[in-house]
Every structure is written in C-alpha cells, then in structure tokens.
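Q: Spelled out from the first residue to the last, the chains are:
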Amino acid sequence: MTQPRLPEGRWIDVEGIRTRYHEAGKGEPIVFIYGGNFGTGDSASSAYTWSNQIAPLSERCRAIVFDKVGQGETDNPKNDDYTMAAVVRHAAAFIRAMKLPPVHLVGHSRGGYAATRVALDNHDLVKSLTVVNSGTLSPGVGTNEVVLAKPPFAAGTRECVRWVYENYSFNPKVVTEEWVDAVMHTLSLPKYQESVRKMGAEKLGSKLFLPDLAREKRETLQWINEGRLQRPVQVVWGFDDRTAVIDRGIELYDMFAKHERRALFHVVNQSGHFPFREHPERFNALLRRWVESLA
Amino acid sequence: MMVFIHGGVPGVTPYASGPHIWGRQDGELVTVTGLTVEAMTGSVRKAIEGKGKCHLIGHDLGGLLALNLAIEAPQLVSGVTAVASVAASPTGDGVGDLTFAHPPKPLWSRESQRWALERISYSHHHIDDELLDACVAAAPKPMAPETYANEFVPSLMKAKSRFYEVCRMEGIKVPCQVIWGSHDPLATFDHGQWLFRGIAQKQRVSQFHVINRTGALPFREEPAAFHQLVAAFNDGL
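Residue numbers (the numbering used here), protein chains in the order written: chain Z, 1 to 295; chain D, 1 to 237.
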C-alpha cells in the first residue's frame with residue numbers, strides 16, 4: 001500500500017522562531033501536535049509522525065502539522081528555554097500566527113500534554129481537544145523507562161531508532177524505512193544535535209525540562225479536575241501500548257468526563273503507542289466524524 | 001446495510017423492548033422472536049438472509065445475538081456493534097443488581113415501564129410519549145418462570161460460553177466494536193472493557209468506545225455521538 005505523503009513544508013515566523021509546517025485541504029482546521037521532546041538522541045519526532053493523517057483528512061478538513069520548537073526543522077528555543085512551557089507557548093503562538101479560527105487540536109503523547117495545556121491557557125484558539133496515548137498527561141505512572149531503557153544499539157543509529165519505535169508499536173512492521181529515514185534526518189540536523197548537547201551534556205533535561213514539566217503537570221491536572229477545559233474532548237488509546245498502558249487512558253478520560261458532556265473514549269485494538277500509524281484508516285474515520293459532529 | 005437488533009427478554013425485562021427502542025435509524029429494525037438464544041439468533045438470521053453482508057448493531061441481548069450470528073454465519077455479517085451488551089459481557093460472580101427491584105405494578109403498564117426506563121438512564125429526557133406508547137403497545141406476555149429458568153437462562157449461559165471460547169480460539173471473524181454507556185447501572189465500565197478484551201484477543205479490527213453521561217440506552221440518550229461512532233466504524237470497514 002502506498003503511504004500518503006506529507007505536503008511540501010512551508011515556513012512561518014512564530015514570535016521570532018522560524019517554524020516549519022505542512023498543511024492541506026480546506027474547511028474545519030485540525031492542528032496536530034506530535035510527541036517526544038527536543039534533545040533525545042535515540043529517537044526524534046517530527047511532522048512526519050502524522051504523515052498518514054494530513055493528506056487523507058485534507059479531503060474534508062484543513063489539516064495542519066507543525067514542527068514544535070526545537071523539534072523537526074523548527075528553530076531551537078531562544079535563551080536556552082528548553083521547557084515544556086516554551087513548547088506550549090510556541091504551539092499557541094503558531095495557531096495565532098496562522099490566523100486560524102478555533103481549531104480541533106489533536107495531541108499525541110507529550111503532544112497530548114501540550115495540546116491540553118494550549119487549550120487550558122488559550123480557550124479562544126481551541127474548538128475541541130483529542131488526546132492520543134499520552135502518558136505525559138495522564139496522572140498515573142508512565143512506563144517508558146520500563147520498556148525503552150538503554151536500547152541495545154548505539155544512540156543515533158538506524159538500529160537504535162528502529163528498536164525504539166518497534167518497542168512502542170504492537171506490530172513492529174509498521175516501523176518502515178521511510179519512518180526511520182524521517183527520524184534519522186531530524187537527528188542529523190546540526191541544530192537538533194545542539195539540543196541533544198543542551199539536554200544531555202549540559203544537563204538541561206534533568207535540571208530544567210523535567211522539573212518544569214512536573215511542576216506544570218501538577219497545575220494542568222488540577223485545572224482539568226476543576227473543569228477548566230470547557231471544550232469537547234475525546235481520548236483515543238492504542239490498547240497494547242506498553243509505555244502508556246490502557247489504565248492511563250481510562251484515568252484521563254474519567255477526569256475529562258466529569259466536567260464535559262461531549263467526552264468520548266476510544267480504544268483501538270492491536271495498537272501500541274501510535275494508533276494513528278498502526279490503524280490510520282480507523283483513526284482518521286474517528287477523527288473526521290468527530291470534527292464533522294462539532295462543525 | 002445496517003441492521004438493528006433490540007435486546008430485552010420478553011416478559012422478564014420490566015420495559016418492553018423491540019424495534020421501537022431504537023427510535024428512527026437509517027437501516028433495518030428487526031423483531032427478535034423465540035424463547036432461547038438459539039431461536040432468537042435464528043430469527044435474526046432469517047430476517048437478514050438474502051440481503052447481502054450486514055453491519056449488525058445489537059443492544060444488550062441483541063449484541064449477543066449479533067455476535068452469535070457472526071460466529072454461525074460470518075458470510076452474512078460485515079461487522080458487529082454491541083451496544084451496552086450486558087448479556088454478552090462476562091457474568092462473573094456478580095453482585096445482585098437492584099436496578100429493577102420492586103417495579104411498580106401493574107407490570108408493563110405505562111407508569112411501570114417509565115419507572116424501568118428511568119432507572120437505566122442517565123437522564124430521563126429521552127423517555128417521551130412516543131417511546132412509552134410503543135412500549136405499552138409492545139407489552140409482552142410474561143415468559144413462564146419455568147421457561148425462563150429451564151430454557152432461556154441455560155441457552156444464554158451456553159451461548160456466552162461458546163462466544164468466549166470462540167474469542168479465545170479461532171476468534172470472531174468480523175470486525176467488532178463495543179459501545180458502552182458511562183453510567184450504565186446494569187453493568188460497570190469493566191464489563192464493557194472485558195467484553196472488548198474477549199473479542200480483541202483474536203480480532204485485529206476491534207474497538208471499545210464510551211459515550212459520556214449515558215446509561216443502558218446510549219443510542220437514545222446521545223444519538224449524535226452514537227451515530228458518529230457507527231458511521232466512523234462503517235467508514236473504516
């Protein structure tokens with residue numbers, strides 16, 4: 001089967017950060033936020049993560065994916081602000097810079113946290129929220145370390161990248177050469193290597209990124225529990241994800257559902273951490289029908 | 001084609017289910033007949049034979065009938081949606097359920113059925129005159145207690161046992177989704193999840209969905225969300 005291709009990337013200035021994005025289609029805007037963070041040496045997310053969504057969903061919607069600050073092709077954060085707060089601010093600023101009407105925000109993994117926080121901080125930018133397999137947002141224990149600690153290949157090699165994504169997935173065959181190529185490309189960028197140095201050698205990962213995220217996560221969960229989201233929300237979960245197990249999804253859904261009538265929970269079988277890559281046709285159908293129901 | 005299969009055991013369930021329980025749907029509404037799960041499954045089979053592959057959408061016992069038919073005659077079934085299918089979910093050593101205890105008499109009168117429908121709903125707003133009129137018109141003859149105990153219940157246990165055996169062994173051969181009401185008083189979230197887990201053992205295309213602020217009749221309480229899930233499932237088939 002031919003994989004859909006990402007449309008040609010474009011650039012936009014987002015408060016001084018040169019930002020890469022890809023878009024296609026017209027109609028209700030859907031903005032995708034992928035997971036991971038800057039400065040990881042054994043894997044690297046980019047807009048490619050959502051390559052199976054943009055073209056297929058563009059038939060009826062305006063589908064947009066951008067590279068987060070410090071990830072993919074987008075510039076690194078200014079003033080060494082390697083924090084999730086900077087990622088969230090940049091994501092909101094991107095939506096504003098694109099002059100989009102309120103968007104359907106879809107976030108996966110760490111992007112699920114970022115999308116939720118964008119919505120909580122900027123209600124006017126967001127029409128609905130979809131959170132996909134986000135251990136970062138869920139209150140329970142994430143198990144990435146249990147599953148992915150110390151890959152048996154050298155960081156930055158194709159073998160290592162393949163091993164990481166295979167272990168995220170239910171079916172290792174979904175980790176195609178093209179996916180590995182996309183990750184290797186990001187890892188090869190000098191500005192990305194700089195973020196690896198900052199997060200690793202300069203210890204910004206442990207000194208800045210993680211403590212900041214922990215502090216902000218506490219606040220974010222409190223806000224969700226207080227009912228501050230005030231937007232329709234759906235939680236989509238790959239049933240076989242070992243890094244963010246199904247219980248994490250249930251906990252998260254329960255938090256949202258207490259305050260929002262239009263709260264749906266979806267579980268997709270034979271899927272690991274990336275249900276939209278393992279079952280793109282099913283994921284896209286759910287998302288398209290969700291957007292249409294709220295149009 | 002979408003085929004809607006109602007649940008309810010005539011003369012036992014304190015509201016009279018039937019095709020009317022679905023309200024207006026874009027598909028065929030079948031009338032289930034028979035006193036055992038086998039006979040009921042046979043009545044659904046008879047209704048759909050010759051109509052091409054059907055997406056069977058079954059509520060409660062209707063969900064089990066749909067799954068049963070998918071096992072028996074997968075050539076007739078393109079997919080199954082089991083909605084609030086307590087009948088198909090694992091029985092376990094359940095705690096006695098008081099939801100339907102002490103229904104007001106006379107049974108299957110308008111007020112008694114309103115009472116029962118309110119008890120299984122998150123909100124009473126969907127219980128309108130149209131539904132109550134249809135329920136009263138469908139008021140069943142009570143199933144004789146000995147028929148229920150000696151024929152229906154054993155047939156239900158046998159059908160469930162076969163269903164979970166197939167789930168474990170060769171698997172259900174058609175795509176399936178389980179839709180659950182977040183506040184179903186007749187079954188917990190876990191009941192729905194374990195029905196899904198059963199199917200998911202061998203069927204790759206299986207999904208589990210929860211519709212918020214609904215009870216045992218999620219398609220009546222949140223019809224838009226229900227249709228959205230059914231349509232998305234059809235899109236992905």
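Derived from the structure by calculation, the hints contain no laboratory data.
This structure is a prediction, so every number in the text was calculated from the model and none was measured.
Hints may contain errors.
Stated by the list, open to error - For lysine to aspartate or glutamate, the following EDC-like pairs were computed, each having C-alpha atoms within a straight-line distance of at most 20 Å:
hint, chain 1, residue 1, chain 2, residue 2
1, D, Lys202, Z, Glu8
2, D, Lys173, D, Asp26
3, Z, Lys217, Z, Asp254
4, Z, Lys258, D, Asp190
5, Z, Lys191, Z, Glu15
6, D, Lys158, D, Glu170
Q: Decide, hint by hint, whether the structure agrees.
A: Now for the hints, and whether the structure bears them out:
Straight-line distance between C-alpha atoms of Lys202 (chain D) and Glu8 (chain Z) comes to about 39 Å, which puts the hinted pair past the 20 Å bound. Between Lys173 (chain D) and Asp26 (chain D), the direct Cα distance comes to roughly 25 Å. Violation of the 20 Å bound is thereby established for this hinted pair. About 17 Å separates the Cα atoms of Lys217 (chain Z) and Asp254 (chain Z), which keeps this hinted pair within 20 Å; it holds. Of the supplied pair hints, the one linking Lys258 (chain Z) and Asp190 (chain D) holds, its CA atoms being roughly 18 Å apart against a limit of 20 Å.
As the CA atoms of Lys191 (chain Z) and Glu15 (chain Z) are separated by approximately 18 Å, the hinted pair is consistent with the 20 Å bound. As the CA atoms of Lys158 (chain D) and Glu170 (chain D) are separated by approximately 18 Å, the hinted pair is consistent with the 20 Å bound.
Of the numbered hints stated above, those contradicted by the structure are hints 1 and 2, listed in ascending order.
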